[in-house]
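J.: Residues per chain are reported as follows:
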Amino acid sequence: MNAPPASTPPRKLRVATVSLAGCFGCHMSLLDIDERLFDLVERIEFDRSPLTDIKTVGEVEQCDIGLVEGGLCNAENVEVLRAFRARCTVLVAVGACAITGGLPALRNHLDVGDILQSVYGRVPDDPELPLPLNRVLPIHEVVHIDHALPGCPPPADAFWQLLQDLMAGRTPVPAPGLIRYD
Amino acid sequence: MSGVDPTFDLDGQPVALQPGDTILTAAARAGLDIPHLCWSEEVSGSASCRLCTVLADGRPVAACVTPAVAGQKVDCRTASLATQRLRLLQMLFVEGNHFCPGCEKSGNCVLQVQAERAGMTDLNFEVLNPERPVDASHPDVLFEPNRCILCQLCVRASDEIDGKRVFAIGGHGIATRLLIDSPSGRLGDSALSVDDRSAHICPVGALLPKRVGFAVPIGQRRFDTEDTRG
Amino acid sequence: MGDAADIMSEAARAAADAVLDRWQRDPHALVQVLRETQAIMHWLSRPLLAHIAAALGLTRAQVEGVAGFYRFFHTRPVGRTRLLFSDNITDRMLGSEALLAQLCARLGVAPGEVDAQGRFSVDRCSCTGLCDQGPALLVNHHQVITRLDATRVDALANLLLADTPVEQWPAAWFTVVDGVQRADVLLSGLAADAPTLPAVLAQSPQALLDEVAQSGLRGRGGAGFPTARKWQACRDAAGDLRVVVCNADEGEPGTFKDRVLLAFHADAVFDGMTVAARAVGAQQGFLYLRGEYRYLLPQLEGVLARRRAQGLLGRDACGVAGFGFDIAIHLGAGAYVCGEESALIESLEGKRGTPRIRPPFPVQAGYLGRPTVVNNVETFCAVAHIARRGGAWWAGIGTAQSTGTKIHSVSGDCARPGLYEYPLGTPIAQILDDCGARDVQAVQVGGPSGTCVPAADFGHTIAFEDVPSAGAFMVFDRTRDLFEVARHFARFFAHESCGLCTPCRVGTELVVRRLDKLAHARGAGSASAFDIERLHDLDTVLHSGTHCGLGASACNPLRDTMRHFGAAYAQRATAPQFQPDVDLDAELSAARRVTGRTDAGAHLHTDTPA
Ligand SMILES: Cc1cc2nc3c(=O)[nH]c(=O)nc-3n(C[C@H](O)[C@H](O)[C@H](O)COP(=O)(O)O)c2cc1C
Ligand code: SF4
Ligand code: SF4
Ligand code: SF4
Ligand code: FES
Ligand code: FES
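If you read the sequences in order, they're chains A, B and C. For the first sequence, numbering that gives the first Met the number 0 gives the first residue as 0, with consecutive numbering after it. For the second sequence, numbering that gives the first Met the number 0 gives the first residue as 0, with consecutive numbering after it. For the third sequence, numbering that gives the first Met the number 0 gives the first residue as 0, with consecutive numbering after it.
Quick caveat, the hints were computed from the structure, so don't treat them as lab data. Even glycine gets a Cβ: it sits at the ideal position worked out from N, Cα and C. It is possible that some hints are incorrect.
[Claimed, not checked] Covered stretches of chain C, as calculated for chain B (at least 3 residues, CB under 8 Å): (1) 55-65; (2) 236-246; (3) 489-495; (4) 544-550.
The whole structure should be built from the sequences, with the hints applied where relevant.
T.: As structure tokens, this is what we get:
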């Protein structure tokens with residue numbers, strides 16, 4: 000109930016990011032916030048992310064925010080997404096692919112078994128390889144999503160606004176002009 | 000003239016009305032935009048998209064086809080109607096296959112800009128993944144049925160403007176689809192010419208004249224100047 | 000027969016031409032032309048549709064659009080004998096699904112499939128209006144078989160396998176009984192000494208109208224619009240030609256009163272139409288008979304022929320100089336939405352049954368733009384009585400706001416299903432008592448688009464000011480799962496959506512998918528509060544602006560059952576987390592097929608663990 004003493008720096012928010020069936024375009028766009036990155040690293044700490052070496056999400060501690068780029072094209076994507084959902088308090092679908100399935104979902108009207116066979120002839124059956132799903136799925140069909148950042152990729156400003164809102168404890172509402180789908 | 004024009008109230012503002020006005024046309028004349036998708040002043044209305052739903056004295060009606068009535072109280076910009084518009088747009092997105100980054104219409108698309116204005120960030124519903132083959136048989140016009148929102152603008156333009164009846168609506172329920180009048184059912188065998196109005200009236204990227212592709216770059220398109228596409 | 004899809008046989012052309020000639024190549028008769036041509040050719044191939052289009056001056060896409068709209072038109076090969084199992088919830092409660100499975104097993108076909116030799120095909124259809132004598136099925140969109148049981152289905156399979164023509168099937172199977180359990184004025188029929196129609200029509204049109212106004216009669220088709228007001232509006236509308244239409248589409252599942260009125264009181268119905276015609280000044284009358292009631296057609300045509308011979312129809316009808324009026328029968332072809340009056344008019348004009356934009360209302364511009372009155376069968380029947388006994392007499396029955404009697408089609412869990420006619424204002428509890436219903440959990444009053452009334456509300460009455468009804472009364476006892484009832488109705492609405500407007504076209508499908516998820520028929524095999532929230536969401540969208548009443552009422556069963564039987568939903572949504580909308584393990588099937596892998600990594604848990 001007591002407000003913390005004003006001098007205590009606020010706890011850094013723990014943020015995990017991942018690219019599932021995406022192109023890393025969204026991650027590049029996040030980096031496009033440019034000099035604001037300095038501001039950002041003062042206030043957040045990265046968990047699992049292409050920007051760190053952490054391999055498992057939320058292993059050290061529960062994350063505050065998970066940013067998921069890309070849809071689901073194989074079994075491994077599903078497992079990773081579930082781990083993100085379990086270990087991130089707020090989960091955000093980032094980019095057209097996470098939200099709709101995106102470009103990879105253009106394969107959805109083809110039989111993935113037939114595709115594998117025509118590509119490989121004899122399809123590799125190594126248990127280490129994740130099996131592809133019949134259809135590329137948007138992530139909201141598999142886990143609950145708290146927020147979404149549309150765009151291919153979402154504008155850097157949209158990332159910035161989302162993170163600022165979340166850091167301030169506000170419900171993110173993208174400003175007009177920051178919602179676009181291409 | 001007999002003095003003051005009759006008016007109705009739209010979101011608290013008086014709107015003058017003239018004989019024959021619908022709620023939408025009267026509002027438009029007054030510079031007030033009621034979001035709409037399937038309506039065009041060029042052809043008769045189909046009232047199919049329901050994006051223009053407003054509350055006329057509390058009753059939901061399609062503003063594009065409902066006559067304006069003097070003294071009526073009409074609401075458009077309410078929270079619940081904003082949610083209704085959002086849901087309708089999400090329904091249209093999941094019904095078809097709308098991947099804007101790969102769509103030539105992006106930036107010129109009425110569905111897209113309406114969704115952006117409605118603040119749509121996600122699909123909310125499960126995607127229905129329709130299986131509708133693309134028809135590229137026509138030399139000058141492409142038909143991508145997975146983006147068709149069944150607005151009927153092409154149907155009506157072909158009939159009412161071009162005098163050709165190239166298009167019709169087929170099926171029912173979720174299997175409703177656009178039919179093309181030709182022996183093969185494909186556009187290439189139809190009477191459609193790229194000079195027809197119906198080849199250009201599609202509000203989305205379902206009927207697209209070929210070879211104009213990305214002639215207008217992204218960033219300089221119809222809706223790119225508006226505030227929703229900063 | 001199926002391989003000839005792209006060429007039209009001489010026989011097909013000849014069949015179509017004969018039908019086209021009979022209808023004078025009138026494009027407005029398209030639905031009738033398609034129906035009659037299909038009755039000969041079994042199905043409608045593209046070349047056949049193109050031929051019909053050319054003959055009627057329509058485009059082939061228009062004709063294909065119409066053929067593809069009506070559920071009873073086949074644009075792909077079907078069996079020479081086509082069976083459609085009535086798929087109302089009451090048929091299911093009587094075991095229709097097991098019988099369908101039994102028949103399909105005997106015949107070696109799946110529902111929707113055609114026998115390899117082209118002999119037969121079996122499928123389901125919406126309610127056939129035989130709920131009090133089900134399970135029922137439709138043969139060739141023409142005859143009906145009632146009271147199906149395992150023995151009947153077995154014998155049916157033998158006949159089908161032997162390719163025995165329908166004419167040689169046991170006549171007893173086709174028996175349809177009137178099922179009247181409680182008759183009041185309408186079901187008792189006109190008194191033998193009632194004034195004749197010519198005597199009635201001796202009054203002035205305004206006097207006829209005033210009598211109906213005084214009766215306080217409101218439409219029996221669902222909306223409850225005051226009949227006299229509708230007639231007056233039609234009479235006052237500009238135009239030389241006017242039309243009176245009797246709405247016998249009776250598509251609301253669980254409703255079968257109009258069938259009985261047409262079968263046993265057709266003269267009263269036609270009397271009512273003739274009174275309406277005189278009152279509004281109409282020359283043309285239509286009976287729009289649902290395709291499921293095709294078997295009534297010869298009998299009804301017979302009644303009309305007799306009435307013409309008696310001078311009740313035709314020039315100077317009923318001896319009234321200058322009053323020319325005749326009635327034609329048009330058949331529907333399996334589309335519930337065609338019961339909506341403006342969709343019905345579109346269908347009468349030979350088009351897809353898409354509800355029109357209103358205004359203009361049918362009374363202003365209906366059939367071919369002419370001012371048109373559309374009334375329900377029971378409404379016209381009531382008019383026949385009111386015109387003879389006076390408006391005051393009718394107004395003395397029922398309640399102040401709901402005058403007269405109402406016929407209820409009672410089916411479901413009760414000892415004595417059938418027709419019950421009561422004065423309006425009769426408590427639901429009394430009807431339940433009279434039909435011998437025990438241990439009742441809920442009644443669906445007025446069909447799926449009506450109201451689901453839980454036991455706590457059985458003290459309510461059926462009346463416009465209390466629980467209104469279009470005539471269905473389906474009883475569910477404590478053994479029934481109201482969630483499954485609602486899911487069944489959701490499928491009905493999705494199947495019957497005309498597809499015009501976004502909320503109904505897409506929304507009804509999304510409701511079905513979400514309910515299937517709760518029923519473990521789709522997705523994770525479990526559901527959570529997130530799914531319930533989505534259902535509430537969809538309910539709101541469909542109740543907030545659709546083009547017609549079908550979409551507006553499509554979520555009524557969902558809304559009512561969620562409100563009154565929330566536990567049936569909650570027990571299906573117990574997962575603490577959101578559960579996938581898709582069966583994830585099944586999504587790996589293609590990859591497993593081509594890799595042959597069976598290891599743990601080749602599978603996914605579809606449930607999200609807690
Ligand atoms: C989806 C839908 C289906 C309908 N089906 C019927 C029907 O089968 N029979 C009927 O009389 N009215 C039906 N109606 C109501 C009609 O639109 C119309 O109100 C009625 O025929 C008018 O007759 P009445 O005033 O005598 O009731 C339906 C309405 C809707 C929206
Ligand atoms: S039609 Fe419009 S909404 Fe659909 S993909 Fe193209 S730009 Fe996007
Ligand atoms: S093709 Fe375009 S114009 Fe035609 S119905 Fe579809 S969305 Fe409308
Ligand atoms: S609500 Fe819309 S889609 Fe549904 S039947 Fe009516 S007009 Fe057709
Ligand atoms: S990966 Fe970012 S939009 Fe596709
Ligand atoms: S714009 Fe009015 S219904 Fe589409």
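J.: How about the stretch 544-550 of chain C: do at least three of its residues have a C-beta closer than 8 Å to a C-beta of chain B?
T.: holds (count 3)
J.: How about the stretch 489-495 of chain C: do at least three of its residues have a C-beta closer than 8 Å to a C-beta of chain B?
T.: Per the Cβ count (3), the hint holds.
J.: Would you check chain B against the stretch 55-65 of chain C, counting CB to CB pairs closer than 8 Å, and say if three or more residues qualify?
T.: holds (count 6)
J.: So is the stretch 236-246 of chain C in contact with chain B by the C-beta rule, three or more residues under 8 Å, or is the coverage claim wrong?
T.: With 0 residues close enough to chain B, the hint is violated.
Against the hints set out earlier in the document, a violation occurs for number 2 only.
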